[in-house]
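Residue numbers (this note's numbering), protein chains in the order written: chain A, 658 to 931; chain B, 146 to 407; chain C, 146 to 407; chain D, 2 to 294; chain E, 531 to 822.
Hints should not be assumed to be uniformly reliable.
[Unchecked claim] In silico DSSO-like links for lysine-lysine, alpha-carbon gap of 30 Å or less:
1) A/K683 - A/K880
2) A/K856 - A/K676
3) A/K856 - A/K802
4) B/K172 - E/K725
5) C/K172 - D/K5
6) A/K683 - A/K877
[Said to hold, decoys possible] A short list of chain B residues far from chain D (calculated; beta carbon distances all over 12 Å):
7) A168
8) T223
9) R227
10) L247
11) Y258
12) R272
13) Q387
14) A390
15) P393
16) A394
Treat the hints as calculated values from the structure; they're not laboratory data.
Note that the Cβ used here is the ideal one computed from N, Cα and C, for glycine as well.
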Amino acid sequence: GPPQSRPPALRITALPDSKTTELDPKYRLVASHLSEVLGVEVEYVAVTDYAASVEAFKNGDVQLAWFGGVSGVQARAAVPGARAIAFGTIDPQFRSYFVAHQGAGLAPRAEFPMELAGKRFTFGDAASTSGRVMPEHFLREITGKTPEEFFGEVNLNGGKHAIVAKNVEQGVYDAGVLNFQTYENMVDAGELDPELCLKIWETPPYADYNWTAHPDVDFKFGKGFTDRLQEALTSITDPVLLDALQRPDGLIAAQNSDFDRIEAICRELGIIGR
Amino acid sequence: MTICSRKSPAGGIGFELEEVTVAFPGKAALEDVSLTLEPGSTVALIGPSGAGKTTLLRLLAGALEPTGGALRDMGGVTRAQRAAATGFIHQDHALVPVLRVLQNVLAGRLGRYGALRGLRSVYFPSRADVEAVHAALLRVGIGELLYRRTDRLSGGEQQRVAIARALFQEPCLLLCDEPVASLDPARSRDVIQLLIDLAEERGATLVTSVHDERLAGRYFDRVIGLREGRIVLDSSRSESGQHEALTPAALEDLYGIVRGDS
Amino acid sequence: MTICSRKSPAGGIGFELEEVTVAFPGKAALEDVSLTLEPGSTVALIGPSGAGKTTLLRLLAGALEPTGGALRDMGGVTRAQRAAATGFIHQDHALVPVLRVLQNVLAGRLGRYGALRGLRSVYFPSRADVEAVHAALLRVGIGELLYRRTDRLSGGEQQRVAIARALFQEPCLLLCDEPVASLDPARSRDVIQLLIDLAEERGATLVTSVHDERLAGRYFDRVIGLREGRIVLDSSRSESGQHEALTPAALEDLYGIVRGDS
Amino acid sequence: MSAKDVERLRRARERSPFLRWTAAVLAGTALLAWVGGTVDATDLFQSRRADNLVRFLSVDAMPPAVRDAAGAEKLGALWAWARDLVASRYLSAAAATLAVAIVAAILASFAGACLAPLTARSGPGASSRPRRAVSFLARLGCVLCRAVPEYMLAFLLGALLPSAAWACILALAIHNGGILGRLYGETLENADQRAARAWHLAGAGRLVATVGALFPAVLPRFLTYFFYRLETCVRESTVLGMLGFVSLGHWIVQARAAGHYDEMLLAFGMGAIIVLSADLASWIARRAVRDAS
Amino acid sequence: MAIRSTSTIDAGGPIRRFPLGARALTLALIAAAGVVSARYLGLDLAGLWPRDAGWNLGGDLLGAAVHPAFGYENEVPPGTPAFPWRILGALWRTVLFAAGAMSLALPLGLLLSVLASDRFWQLRRRSGGSPAARIVQVAVRILIALMRSLHELLWAVLFLAALGLNSAAAVVSIAIPFAGTLAKVGSEMIDETSKSPAAALQDSGAGRWAALLVGVLPAALPELLSYAFYRFECAIRSAAVLGFFGYPTIGLYVAQSFENYQLREVWAYLYALIALVVLVEAWSRGVRRRLS
Ligand SMILES: Nc1ncnc2c1ncn2[C@@H]1O[C@H](COP(=O)(O)OP(=O)(O)OP(=O)(O)O)[C@@H](O)[C@H]1O
Ligand SMILES: Nc1ncnc2c1ncn2[C@@H]1O[C@H](COP(=O)(O)OP(=O)(O)OP(=O)(O)O)[C@@H](O)[C@H]1O
Ligand SMILES: [Mg+2]
Ligand SMILES: [Mg+2]
Ligand SMILES: O=P([O-])([O-])[O-]
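The shape of chain A in the complex, shown without the other chains (with noise of 0.2 Å):
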């Protein structure tokens, strides 16, 4: 219907970094509950892969978006004035873990694995910080040649990290890498063999995901609303909407100097700044 005859509402997304058949519970309660908190209405906007969560956030389409560290950059870059407000008390300290399977012949190890070198290899979504960015960045590092230069037949877009857990589990590569959180879940709840999928390698700590708000809702809801969404959010304690949150150990104030760090690595990647 014609837009003005409703009162605005805020939207809402949320990286689609796992399933989204289970993303979608999770921030329906998320937004019912910042619904009940902020006096507004709140809308869930699924998206279905990490671009279009930047678009949306870009096109003025959503207004408050959970992201990862290079999508949030990347959004943060593209709309002046948009502020991260908070992450999980993890966040400051995420990693990334380089897994293989079981027939692969690549044992754990602490120091980067060389021998990976060749083998057949998936990076999940090409904007995820902790499924291509950070390990792209670490590989470089060490290494000092390009993902294609060092496994040759390389798949530069394997998709979410549940994915790229299970491909790797299957055999259909030899390795991967994906968000340590997703592989600990996983496993956990027992989707995924960890005898099968084998952890090899964890890489150096970065910051990543982030809620950051569209400078827009100061105009739409009054001055200081971004204020008010980062202590509503902040505030949350109660461990259902935690731990649809996917922090089961709350969230904390953050800023967007936190990711001073994975900006400059994503400018000098040539992902933003160009």
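Could you slot chains B, C, D and E with the ligands onto chain A? The hints should help.
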């Protein structure tokens, strides 16, 4: 009353051909044809297959340009006026197969109207127009077929739809390419008589190719014989009403039958 | 020597029709037709346009099934054998327009060969086949059109290509739908004579629709008149060689001309 | 008197309620799509959309080198940018895309041409009972092949096969084979059957009649459909970028993920150039065939 | 006894021209392009043999194909519609997206097909060969080619980036290439209709538009409409695939179930889509039979 008089806008259409040639790649269908066709005359074209009859008719209709020589039409009408006044019954009938008979006949008057009015007249005909079409169909004996799809008709029925279209058009120049090829002799005579009556009633010029030289001699003022693209016979009705030039020898020569050789 | 004798595999094709009806949606093209056609006979079908001539020929060719009654062919040949021995000259010629005349004529013999040999014979004909095609074309007077594209020919030329194809096929059952509609009278007589000669030479059965009842009476053993899907006239040549049943009154009745009716 | 006759004839005219209902149902569905709320057309006309478009064209789609270059040098910068990308990545990706499409289209066309005489229901001799059964089965096969979108097929095959190129080719060939089987069959059906029937009646087998009398006549149309499917294959292999084999689709995904829409558009353009070339080839081929004897 | 022939030729002489020249050449070139392409890609038949892991997935897929789901495989959040309703709803939305797209593509495609056809411009007689007419025709052809040159998913991606999330943009992204394809195929169908009816109308003075609408289009229309109906079926498939990009058509649920490895649900959705396509196909046959 002759409608197609010299005074009417498209009336009195005649032609002067001066050494006209029509050459297709590898084949001259007409060669050095010189001919004057008087307005209001009725002319039959005869000649063996491949002689150039269809080509000459297409030339008169303006569907072909001569590749040599000059073609002038008499009377100072515009090209569009002349076209609207030209009815052409094609050897292959040139009907739109998926349309109904009604629409195909109505299409005969498109030339009179502008695009919009013309389209309305074909797809949303007035009651009067439908009745006029029915009348034209009745004259060629297929009134019942008014609403039939044209491609479901027999050969002769299709031919008569094409004739009805030309009747409905009320032309001042009527060109017919073997209009009775698919008809039985009795119907052939009737259709030819119908065309002649129409031409005389309206003062229209009628040029018809026919295969039956007896039909030609009996009904037409003038009979022109073509062979290999050239005029080899040109007979006008004499005072006595006979075509004296249509002798058996002349016809033998025209059709070029030499029995027994290969 | 009659090739198409009862003893030959596909020879001596005749028919028995028992109260055969062919009904199209909304129109019965043939109604209760009972008829025996002797092998080796030459039969002309006459009748006004829309009488059902084409429909009867298609029925005999096996292109249509009767919607009522029974159709039996005499002689114990298979359907495929019969088809290979049936030549059909269609009212609309049924030529492949984009092929050359040569290929269209060669196609007449496809029924004799298997798939591969047949295709080879059309697209890579032997010298002997090309000569035979040329001979067939010469018999109908268009020898020089051998390599022309078929859709560039005049109406009569196309008709003769269709006839040449049937000649080249050397059939034992020859069905012709108005084979001379686009031809001048002299050529018409020659072509009909050619068909009759061919049939007699080979002992083939010939069924031809023609519009000219004089041609029918002069050349054919038997003349059958159809009107509105029914047989209204059936004349066999008498001892004296005349068709005595073909009286002016009978023809008047057959063609049923009543001026001004619908 | 005549008016009465005309009215009687008009009442008795052939009409098809089926077609009328089809038109009404389709028109109703289309209307519902626009006014029923599933498709929101008004949203497209918000001012925000126009702003987005302006931003996309002036910022996102603008190569940085061009943006930074001074007035007259912009064109040179654009050329240098495009040349570098094409030479380093897109040319080989475009070649792979085209190669996949060609192989897939040929396989599909071959399968389709084999299926066509089976699926066509009006060819010579088509009315016999076994022939109708064969025709039904062939049609069913075609429907099953083409009902699953190639995107989904590629998705499934990609997980099965070691060669991503083969997965892509097979997905396209299966899907398009089903489509061509139907289109070729329909062409045979709609083609002027008289000549083929005449051959068949003259005793030629069905295959010979079809191949000999019908194929020459329908070859231009077959080629039209072949090239049209080739184009489709090019377009589709352009979007099948998720299989991990380096086609244009691969670079499109990478560029979009990094937000480099200028590069994405250049890859789109490369795909468009291949499609246009296929179009040109189609035009030339059909002219040659149509004008040939 | 025979008819005199005006000339004779050397009947035994060689056939001067290879009768299949251009056809054989075209087909040979296509085959050669296929061989070169296969070489370039380094295709070998071994690549068609599923890898070891592929057999597991293949087995699971086939197993699921035999036992499609009749209800959700896993627990679903409250408020989710029952499984059959979800399928029907998704199919209905798929059809709506397709119908919306065709309602734009058909009129646009028809108009462009006329402007792109040779036959239409030939109807102008005098000005048919004029440079202006030629320019318009070529411009329309280029426009059509450009519309077709991008896959509907790429148009959707483009609109997503340039405009934002919008269902109407999704419909338009199907409509653009479909109008282009309809226009292209339609113009060819128009060019293949018999020339003589329109020529006859013009000989008797009918104008260009009248000759087009009475003498040309009706002859092309049955085939064109039956093709358009087939494109409707294609639009249904495209609308289904748009689901992979988040629009609420059946592809969305296929993608989600595949992601969750709920293969039996995947097959249920696929079978539903197949059934829909078969239904439309049967309908399409009915339409075609009556149109021709
Ligand atoms: N497919 C069809 N559908 C409906 N009616 C048809 C069909 N084919 C023929 N008819 C009708 O059947 C009747 C007989 O047709 P047929 O073609 O056999 O006539 P004919 O004797 O060959 O006529 P002509 O001498 O004009 O060719 C005609 O009135 C025709 O309109
Ligand atoms: N488009 C064309 N290209 C080449 N030759 C042609 C073309 N049209 C006609 N011809 C040739 O020109 C000659 C005259 O053709 P036309 O159609 O005028 O003959 P016609 O007298 O009407 O014969 P018919 O009585 O057989 O219809 C024929 O030999 C024909 O083959
Ligand atoms: Mg002629
Ligand atoms: Mg007939
Ligand atoms: O959420 P990610 O960007 O790390 O995939």
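Hints and how they fare:
Straight-line distance between C-alpha atoms of A/K683 and A/K880 comes to about 29 Å, which keeps the hinted pair within the 30 Å bound. Distance restraint check for A/K856 and A/K676: the Cα-Cα separation of roughly 21 Å lies within the 30 Å cut-off, and the hinted pair is therefore satisfied. Under the criterion of a C-alpha separation no larger than 30 Å, the hint pairing A/K856 with A/K802 is consistent with the structure, at around 22 Å. Only pairs whose Cα atoms come within 30 Å are accepted, and B/K172 paired with E/K725 is accepted, the gap being roughly 22 Å.
Between C/K172 and D/K5, the direct Cα distance comes to roughly 21 Å. Compliance with the 30 Å bound is thereby established for this hinted pair. Between A/K683 and A/K877 the CA atoms are separated by roughly 25 Å; this keeps the pair inside 30 Å, and the hint holds. The beta carbon of B/A168 sits about 20 Å from the closest Cβ of chain D, which is more than 12 Å, so the claim that it is off the interface holds. Every Cβ of chain D is farther than 12 Å from the Cβ of B/T223; the closest lies at roughly 35 Å, confirming the non-interface assignment.
Every Cβ of chain D is farther than 12 Å from the Cβ of B/R227; the closest lies at roughly 32 Å, confirming the non-interface assignment. With a cut of 12 Å on Cβ distances, B/L247 falls inside the contact zone with chain D, its closest approach being about 9 Å. B/Y258, annotated as away from the interface, keeps every beta carbon of chain D farther than 12 Å; the closest lies near 22 Å. At the 12 Å boundary, the C-beta of B/R272 falls inside the reach of chain D, the nearest C-beta of that chain being 7 Å off.
Annotated as non-interface, B/Q387 keeps its C-beta farther than 12 Å from every C-beta of chain D; the closest such distance is 40 Å. In this structure B/A390 is separated from chain D by more than 12 Å, as the shortest Cβ-Cβ distance comes to about 42 Å. Listed as a non-interface residue, B/P393 keeps its Cβ farther than 12 Å from every Cβ of chain D; the least gap is roughly 38 Å. Every C-beta of chain D lies more than 12 Å from that of B/A394, the closest at about 40 Å, which supports listing it as non-interface.
In this structure, the hints that do not hold are numbers 10, 12, in rising order.
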